[in-house]
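Given only the sequences and the hints, what does the whole structure look like? Please build it.
Mapping of the sequence shown onto the working numbering: residues 86 to 361, in sequence order.
It should be emphasised that the hints constitute simulated quantities derived from the structure, not laboratory data.
Note that the coordinates shown come from a computational prediction; the quantities given were computed from them, not determined experimentally.
Ideal Cβ placement from N, Cα and C applies to all residues, glycine included.
One or more of the hints may lead you astray.
Claimed, not checked - The calculated lysine-lysine pairs, modelled on BS3-like cross-linking and capped at a C-alpha distance of 27 Å, are: (1) Lys333 to Lys256; (2) Lys333 to Lys133; (3) Lys244 to Lys222; (4) Lys333 to Lys306; (5) Lys170 to Lys133; (6) Lys133 to Lys157; (7) Lys284 to Lys170; (8) Lys133 to Lys261; (9) Lys222 to Lys333; (10) Lys261 to Lys284; (11) Lys306 to Lys157; (12) Lys256 to Lys157; (13) Lys256 to Lys133; (14) Lys222 to Lys170; (15) Lys244 to Lys261; (16) Lys333 to Lys261; (17) Lys170 to Lys157; (18) Lys170 to Lys333; (19) Lys256 to Lys170; (20) Lys261 to Lys222; (21) Lys284 to Lys333; (22) Lys133 to Lys306; (23) Lys256 to Lys222; (24) Lys333 to Lys157; (25) Lys306 to Lys244; (26) Lys256 to Lys244; (27) Lys333 to Lys244.
As the list claims (entries may be wrong) - Cβ-Cβ distance ranges computed for the label pairs, FRET-style: (28) Ala251 to Thr186: 14 to 24 Å; (29) Ala305 to Arg178: 35 to 45 Å; (30) Pro191 to Ser302: 24 to 34 Å; (31) Thr184 to Thr304: 48 to 58 Å; (32) Arg178 to Pro271: 15 to 25 Å; (33) Val156 to Lys284: 20 to 30 Å; (34) Ser311 to Gly253: 28 to 38 Å; (35) Pro272 to Lys244: 30 to 40 Å.
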Amino acid sequence: MVVLPKPVRSPMENRSTRLHNTVWTCSWLILLVVSPLLATASGWERDKVELVLYYETLCPYCSNFIVNHLVKVFDNGLISILDLKLVPYGNARIGVNDTITCQHGPSECLLNTVEACAIDIWPELNEHFPLIYYIEKLVYSHEYTQWESCFEPLGLDSKLVSDCYAGGRGKELELKYAAETNALQPPHQYVPWVVVDGKPLYEDYENFLSYICEAYSGTAKPEACSELSSNRVQLREARKSHPVCYMKEKTSSPVFEVMRSAVESMTSWTKMLLDV
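Below is the structure:
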């Protein structure tokens, strides 16, 4: 086999070649970094629908929505086209010295903060949503005082949440969610307050799946959207109104009394956290 000698280049040619390679490499890297940004800015890759749920943990209609409706997006494939965000604050109020008063009492403030901490500690949706789902499932079945039992089956460390709550991080998160909720335009009137691509669904929130499919502009539309489009009108006619927790609603219902009776059982846990 004949081995051809390598061409001999002058020092000037070598410098020129190195400069050309450096410029080409830098240009390629810049293109690699900038192209996704340009694509996003121009809308080429913006094919996910933003869904935000503003809720409070002990509103029975919020727990019903999470447990019996929102969870469906994981089963029917719509999660692939969703950017889902949960905001656990709801109809709470900010008072003097940033004190927070929740519509359904101190236990709701506790669980709002617990779920806010979970979102902060495990920011990936597939990590924090299962925990929130199981807590709200206990709320739905009036067993929410057992919420601490939700961590172990999911392999999550409950101490991370208790540290978040007791250390003040949870309060910071709730104040942040308060600011976000109070800045909504139009202002929220009740919970659950479901927003799809910036547009509230008002009392038609249980039909959120149809709204997601309508808002989706990508090409890979899930099969569930085809099924929904065929009976969309009938669904909306059948569900013109849905129960909600209004901001100024007095919490004197039997459900609230059950919730109130459980506050005492949670007090010892709260004191334990504050003493850490």
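Hint check:
Restraint check: the Cα-Cα separation between Lys333 and Lys256 comes to about 23 Å, which is no more than 27 Å; the hinted pair holds. Among the hinted pairs, Lys333 with Lys133 is inconsistent with the structure: their alpha-carbon atoms are about 34 Å apart, more than 27 Å. Restraint check for Lys244 and Lys222: the C-alpha separation of about 21 Å stays at or below 27 Å, so the hint holds. With a CA separation close to 40 Å, the supplied pair Lys333 and Lys306 exceeds the 27 Å bound.
At most 27 Å may separate the alpha-carbon atoms for a hinted pair to count; Lys170 and Lys133 meet this at roughly 13 Å. Proximity of Lys133 to Lys157 is assessed by CA-CA distance (about 17 Å); at most 27 Å being required, the pair is judged to hold. A threshold of 27 Å between alpha carbons decides the hint, and for Lys284 with Lys170 the separation of about 14 Å falls inside it, so the pair holds. Proximity of Lys133 to Lys261 is assessed by CA-CA distance (about 25 Å); at most 27 Å being required, the pair is judged to hold.
At roughly 25 Å between alpha-carbon atoms, Lys222 and Lys333 fall within 27 Å of each other, so this suggested pair holds. For the suggested pair Lys261 and Lys284, the alpha carbons sit about 21 Å apart, so the restraint of at most 27 Å is met. The straight-line distance between the Cα atoms of Lys306 and Lys157 is roughly 16 Å, inside the 27 Å bound, and the hint therefore holds. Distance restraint check for Lys256 and Lys157: the Cα-Cα separation of roughly 31 Å exceeds the 27 Å cut-off, and the hinted pair is therefore not satisfied.
Distance hint between Lys256 and Lys133 is unfulfilled; the C-alpha atoms sit about 31 Å from each other, more than 27 Å. Between Lys222 and Lys170 the CA atoms are separated by roughly 18 Å; this keeps the pair inside 27 Å, and the hint holds. Among the hinted pairs, Lys244 with Lys261 is consistent with the structure: their alpha-carbon atoms are about 22 Å apart, no more than 27 Å. For the given pair, Lys333 sits about 22 Å from Lys261 by alpha-carbon distance, which is consistent with the 27 Å threshold.
About 15 Å separates the Cα atoms of Lys170 and Lys157, which keeps this hinted pair within 27 Å; it holds. Between Lys170 and Lys333 the CA atoms are separated by roughly 25 Å; this keeps the pair inside 27 Å, and the hint holds. With a CA separation close to 19 Å, the supplied pair Lys256 and Lys170 stays within the 27 Å bound. Taking the CA atoms of Lys261 and Lys222, the gap is about 25 Å. The hint holds against a cut of 27 Å.
About 23 Å separates the Cα atoms of Lys284 and Lys333, which keeps this hinted pair within 27 Å; it holds. Restraint check for Lys133 and Lys306: satisfied, since their Cα atoms lie roughly 10 Å apart, inside the 27 Å limit. Annotation: proposed proximity of Lys256 to Lys222 holds, straight-line Cα distance about 24 Å (limit 27 Å). Pair hint Lys333 plus Lys157 does not hold up; C-alpha atoms about 30 Å apart against a cutoff of 27 Å.
Of the pairs offered as hints, the one joining Lys306 and Lys244 is violated, with about 40 Å between alpha carbons and a cut-off of 27 Å exceeded. A C-alpha spacing of about 17 Å is found between Lys256 and Lys244, which places the hinted pair at or below 27 Å, so the restraint holds. Between Lys333 and Lys244, the direct Cα distance comes to roughly 35 Å. Violation of the 27 Å bound is thereby established for this hinted pair. Range check, Ala251 to Thr186: about 20 Å between beta-carbon atoms, so the 14 to 24 Å window is met.
One distance hint, 35 to 45 Å for the beta-carbon pair Ala305 and Arg178, holds here, with the actual separation near 43 Å. Taking the beta carbon of each, Pro191 and Ser302 are about 44 Å apart, not inside 24 to 34 Å as hinted. With their beta carbons about 50 Å apart, Thr184 and Thr304 fall inside the hinted range of 48 to 58 Å. For the hinted restraint 15 to 25 Å between Arg178 and Pro271, the CB-CB distance of approximately 19 Å keeps it satisfied.
Checked against the given bound of 20 to 30 Å, the beta carbons of Val156 and Lys284, roughly 22 Å apart, stay inside it. Restraint check, Ser311 to Gly253: a C-beta distance of roughly 48 Å breaks the suggested window 28 to 38 Å. For the pair Pro272 and Lys244, the beta carbons lie near 37 Å from each other, so the given range of 30 to 40 Å is met.
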